[in-house]
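In case you want the letters, here they are:
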Amino acid sequence: MKKNAVPLVLFAALAAFPLVVTSNYFLHLMILFLLWVVIGSSWNVLAGYTGQVSFGHAAFFGVGAYTAGLLSQHLQISPWWGMALGGFVAVLIGLPFGAICFPLRGAYFALATLALGEGMRHIATISESFTGGMMGIMIMPSFVSKIPYYYISLALALLSVLSIRFVIGSKPGYYFVSIREDQDAAESLGIDTTLYKNASLAISSFWTGMAGAFYMNYMGFIDPHVVFSLHEYSVMAILVAIVGGVGTIYGPAVGAFIMVAVQEFFRSGFFGLFDYLGRTTGMPAFASVSEIVRQAHVLGFGVLVVVVILFLPNGIVGDWGKIRRNVFRIQPTR
Amino acid sequence: MDVFLQTVVAGFLKGGLYALIGIGMTLIMGVMGIINLAHGQLMMLAMYVTFLLNTMGVDPYISLFVAMPVLFLVGVAIQKFLLNPLIKVETILPENQVLMTVGIGMVITEIARFLFKSDYKYVKTDYANATFFLGKISFSVALTIAFAIALAFTAAMFWFLLKTDLGRSIRATAQDKDAATLMGVHTGRITVITFGLGAALVAAAGSLLAPVYYIFPDLGGPFTAKAFIITILGGLGSTVGAILGGVTLGMAESLGATYLGMEYEDIVGLAIFIAVLLFLPGGFKRLTKV
Numbered sequence: 001m002k003k004n005a006v007p008l009v010l011f012a013a014l015a016a017f018p019l020v021v022t023s024n025y026f027l028h029l030m031i032l033f034l035l036w037v038v039i040g041s042s043w044n045v046l047a048g049y050t051g052q053v054s055f056g057h058a059a060f061f062g063v064g065a066y067t068a069g070l071l072s073q074h075l076q077i078s079p080w081w082g083m084a085l086g087g088f089v090a091v092l093i094g095l096p097f098g099a100i101c102f103p104l105r106g107a108y109f110a111l112a113t114l115a116l117g118e119g120m121r122h123i124a125t126i127s128e129s130f131t132g133g134m135m136g137i138m139i140m141p142s143f144v145s146k147i148p149y150y151y152i153s154l155a156l157a158l159l160s161v162l163s164i165r166f167v168i169g170s171k172p173g174y175y176f177v178s179i180r181e182d183q184d185a186a187e188s189l190g191i192d193t194t195l196y197k198n199a200s201l202a203i204s205s206f207w208t209g210m211a212g213a214f215y216m217n218y219m220g221f222i223d224p225h226v227v228f229s230l231h232e233y234s235v236m237a238i239l240v241a242i243v244g245g246v247g248t249i250y251g252p253a254v255g256a257f258i259m260v261a262v263q264e265f266f267r268s269g270f271f272g273l274f275d276y277l278g279r280t281t282g283m284p285a286f287a288s289v290s291e292i293v294r295q296a297h298v299l300g301f302g303v304l305v306v307v308v309i310l311f312l313p314n315g316i317v318g319d320w321g322k323i324r325r326n327v328f329r330i331q332p333t334r
Numbered sequence: 335m336d337v338f339l340q341t342v343v344a345g346f347l348k349g350g351l352y353a354l355i356g357i358g359m360t361l362i363m364g365v366m367g368i369i370n371l372a373h374g375q376l377m378m379l380a381m382y383v384t385f386l387l388n389t390m391g392v393d394p395y396i397s398l399f400v401a402m403p404v405l406f407l408v409g410v411a412i413q414k415f416l417l418n419p420l421i422k423v424e425t426i427l428p429e430n431q432v433l434m435t436v437g438i439g440m441v442i443t444e445i446a447r448f449l450f451k452s453d454y455k456y457v458k459t460d461y462a463n464a465t466f467f468l469g470k471i472s473f474s475v476a477l478t479i480a481f482a483i484a485l486a487f488t489a490a491m492f493w494f495l496l497k498t499d500l501g502r503s504i505r506a507t508a509q510d511k512d513a514a515t516l517m518g519v520h521t522g523r524i525t526v527i528t529f530g531l532g533a534a535l536v537a538a539a540g541s542l543l544a545p546v547y548y549i550f551p552d553l554g555g556p557f558t559a560k561a562f563i564i565t566i567l568g569g570l571g572s573t574v575g576a577i578l579g580g581v582t583l584g585m586a587e588s589l590g591a592t593y594l595g596m597e598y599e600d601i602v603g604l605a606i607f608i609a610v611l612l613f614l615p616g617g618f619k620r621l622t623k624v
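So the protein sequences, as listed, match chains C and Y.
Each residue of the first sequence is one higher than the last, beginning at 1 in the numbering used here.
Each residue of the second sequence is one higher than the last, beginning at 335 in the numbering used here.
The following block holds chain C by itself, in its conformation from the complex (with noise of 0.2 Å):
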């Protein structure tokens, strides 16, 4: 019980968040946060123990949200269908490319997801008449107020994480880490390594469906550069595991919130500070950093991936231990 009381804290203290704070502004960071606790966590199920680096999960994720907006847009039923489909949807996509490409080994896997990803975004900017092109799709949101949405993501993140754990903590969560370890060990004695990379593959597309139909019910509005985006989504699913920790169950829900608050923290300047210093010194001087700032939010991930990848390799759960030594100056209890 005591290696659960961290989580379960955390998670009443998200179950009551709502009802603490009502801002929407903080309601609307804690949606993204919990997404992308859903879609680094499933990344990292087939990257982080299987040790099949994706760089196309955008695929997926683009998947469930044109899934969900092509209920609504061709059968006029509630794209809240899309999430029971969503999922199934992307392993629909995330089979067939496993059973081609799960041959490939490391880098050229690697590079065929990301042609994956590339691939579905033209295909869904190309059929114009299907997905509406670059039009995009539009839906009228079903809740004005946040809570509802909220509490889905929660629930969402929750019921991820929780399978994720449990998959990783039976058998097959053994077998995955052995593929990553060594593949040709893994087979030798006697794992149906490619049955196994599915697998983990069926799961980690599966979350990552759920997560983009989620993302069209809440957002209400699709186009391929969106959704299908290398560097919104493949890229940011692997920043978010690598900050927080590859291979690790809770890495990616730390290393979720780490982006989405640095995020917000520059798109923000620094919350205002900036612009607070500017107005009550009255220099122009901060108006201009605070503006600086702002566009800077995407260089402050590509530096922060930089630094992580260099002094924390396995993120800050992974090496929890050397930052305990190294910054508080903990020595490890025996």
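Read the hints as simulated data drawn from the structure, not as lab findings.
For each residue, glycine too, the CB sits at the ideal point set by N, CA and C.
Any given hint might turn out to be false.
Here are the computed lysine to any residue pairs in the SDA-like style, where the Cα-Cα straight-line distance is at most 20 Å [unchecked claim]: (1) K414(Y) <-> V519(Y); (2) K322(C) <-> T425(Y); (3) K422(Y) <-> L516(Y); (4) K451(Y) <-> I292(C); (5) K414(Y) <-> L304(C); (6) K322(C) <-> I249(C); (7) K451(Y) <-> Q295(C); (8) K451(Y) <-> G300(C); (9) K455(Y) <-> V392(Y); (10) K451(Y) <-> V298(C); (11) K451(Y) <-> R267(C); (12) K511(Y) <-> R523(Y); (13) K322(C) <-> E424(Y); (14) K451(Y) <-> S290(C); (15) K414(Y) <-> D319(C); (16) K414(Y) <-> F311(C); (17) K497(Y) <-> M517(Y); (18) K497(Y) <-> D510(Y); (19) K451(Y) <-> S288(C); (20) K451(Y) <-> L299(C); (21) K511(Y) <-> V410(Y); (22) K322(C) <-> K422(Y); (23) K470(Y) <-> F346(Y); (24) K414(Y) <-> I527(Y); (25) K458(Y) <-> V519(Y); (26) K414(Y) <-> L312(C); (27) K451(Y) <-> E291(C); (28) K322(C) <-> L427(Y); (29) K171(C) <-> A202(C); (30) K451(Y) <-> M390(Y); (31) K451(Y) <-> V289(C); (32) K322(C) <-> V410(Y); (33) K414(Y) <-> V306(C); (34) K451(Y) <-> H297(C); (35) K422(Y) <-> Q295(C); (36) K322(C) <-> L420(Y).
Coverage of chain Y stretches by chain C, computed from C-beta distances (three or more under 8 Å per stretch; other residues unrestricted) [to be verified]: (37) 419 to 425; (38) 478 to 490; (39) 495 to 505; (40) 560 to 572.
Starting from the structure of chain C, add chain Y where the hints point.
Chain Y alone, transformed into the frame defined by chain C:
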């Protein structure tokens, strides 16, 4: 028939530039075993160097000789201070260096956005739209010059790799790093030089492309994608393959654009990519054996 020939010629000329991009990528791939996902971004940087010099009235073909050393140094710095330290670090994912290049690419893009803003920039030359005719086929002057220079660089690269000591050390490192170290090759230094060379080659491609293309910070991503398609087509680490891959991609793109429609230009490249992965894993390297 004329349309077909015209398309093939245009694709072929473009292919020369692609080959130059691909050779840089494949050199890095061969020696370090990593994909440089900041390759297009390095090219974008070179294009901005060309643009800056152009505003001072320097011709792009002269600024080529500024952009290449500049990018060589950038490449050396990246390899020395950001990628080489990662080799010693124990991590779960072996692809850490690749992920690092993604971060580097982001940083380069954003710095460019910072300095030059997001709007499209043009390098102004009086020959950008000039053409000449052979029979009924028109040749873009700028692209033809680019093709010739690309050819010259490729030839120089071959001579360098085959005939010089340094070139031999690079090839030795690519074939077997441990054996090369035992033979007295300073492999750490070789990786640094190779990354610099790769960056310089893609810088040449950037400078040559500048007169016929527009320049903006997000240009890096699509060209990184093209670079890896070329390398996969050619076979990872194969220089001859990169040339064949570059020309194939150039041709395929222009044939796709002519006969399927402009919007299919990029998807043709991806389709070829998947087809090669499926039917010719290992790329053209399998056929040419070099």
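The hints, checked one at a time:
{"no.": "1", "hint": "K414(Y) <-> V519(Y)", "result": "holds, 17 Å"}
{"no.": "2", "hint": "K322(C) <-> T425(Y)", "result": "holds, 13 Å"}
{"no.": "3", "hint": "K422(Y) <-> L516(Y)", "result": "holds, 19 Å"}
{"no.": "4", "hint": "K451(Y) <-> I292(C)", "result": "holds, 11 Å"}
{"no.": "5", "hint": "K414(Y) <-> L304(C)", "result": "holds, 19 Å"}
{"no.": "6", "hint": "K322(C) <-> I249(C)", "result": "holds, 18 Å"}
{"no.": "7", "hint": "K451(Y) <-> Q295(C)", "result": "holds, 10 Å"}
{"no.": "8", "hint": "K451(Y) <-> G300(C)", "result": "holds, 17 Å"}
{"no.": "9", "hint": "K455(Y) <-> V392(Y)", "result": "holds, 16 Å"}
{"no.": "10", "hint": "K451(Y) <-> V298(C)", "result": "holds, 14 Å"}
{"no.": "11", "hint": "K451(Y) <-> R267(C)", "result": "holds, 17 Å"}
{"no.": "12", "hint": "K511(Y) <-> R523(Y)", "result": "holds, 12 Å"}
{"no.": "13", "hint": "K322(C) <-> E424(Y)", "result": "holds, 13 Å"}
{"no.": "14", "hint": "K451(Y) <-> S290(C)", "result": "holds, 16 Å"}
{"no.": "15", "hint": "K414(Y) <-> D319(C)", "result": "violated, 24 Å"}
{"no.": "16", "hint": "K414(Y) <-> F311(C)", "result": "holds, 16 Å"}
{"no.": "17", "hint": "K497(Y) <-> M517(Y)", "result": "holds, 18 Å"}
{"no.": "18", "hint": "K497(Y) <-> D510(Y)", "result": "holds, 19 Å"}
{"no.": "19", "hint": "K451(Y) <-> S288(C)", "result": "holds, 15 Å"}
{"no.": "20", "hint": "K451(Y) <-> L299(C)", "result": "holds, 14 Å"}
{"no.": "21", "hint": "K511(Y) <-> V410(Y)", "result": "holds, 19 Å"}
{"no.": "22", "hint": "K322(C) <-> K422(Y)", "result": "holds, 16 Å"}
{"no.": "23", "hint": "K470(Y) <-> F346(Y)", "result": "holds, 17 Å"}
{"no.": "24", "hint": "K414(Y) <-> I527(Y)", "result": "holds, 9 Å"}
{"no.": "25", "hint": "K458(Y) <-> V519(Y)", "result": "violated, 45 Å"}
{"no.": "26", "hint": "K414(Y) <-> L312(C)", "result": "holds, 18 Å"}
{"no.": "27", "hint": "K451(Y) <-> E291(C)", "result": "holds, 13 Å"}
{"no.": "28", "hint": "K322(C) <-> L427(Y)", "result": "holds, 18 Å"}
{"no.": "29", "hint": "K171(C) <-> A202(C)", "result": "holds, 16 Å"}
{"no.": "30", "hint": "K451(Y) <-> M390(Y)", "result": "holds, 19 Å"}
{"no.": "31", "hint": "K451(Y) <-> V289(C)", "result": "holds, 16 Å"}
{"no.": "32", "hint": "K322(C) <-> V410(Y)", "result": "violated, 30 Å"}
{"no.": "33", "hint": "K414(Y) <-> V306(C)", "result": "holds, 14 Å"}
{"no.": "34", "hint": "K451(Y) <-> H297(C)", "result": "holds, 15 Å"}
{"no.": "35", "hint": "K422(Y) <-> Q295(C)", "result": "violated, 35 Å"}
{"no.": "36", "hint": "K322(C) <-> L420(Y)", "result": "holds, 17 Å"}
{"no.": "37", "hint": "419 to 425", "result": "holds (count 5)"}
{"no.": "38", "hint": "478 to 490", "result": "violated (count 0)"}
{"no.": "39", "hint": "495 to 505", "result": "violated (count 0)"}
{"no.": "40", "hint": "560 to 572", "result": "holds (count 4)"}
The structure does not agree with the numbered hints 15, 25, 32, 35, 38, 39 stated previously, though it agrees with the rest.
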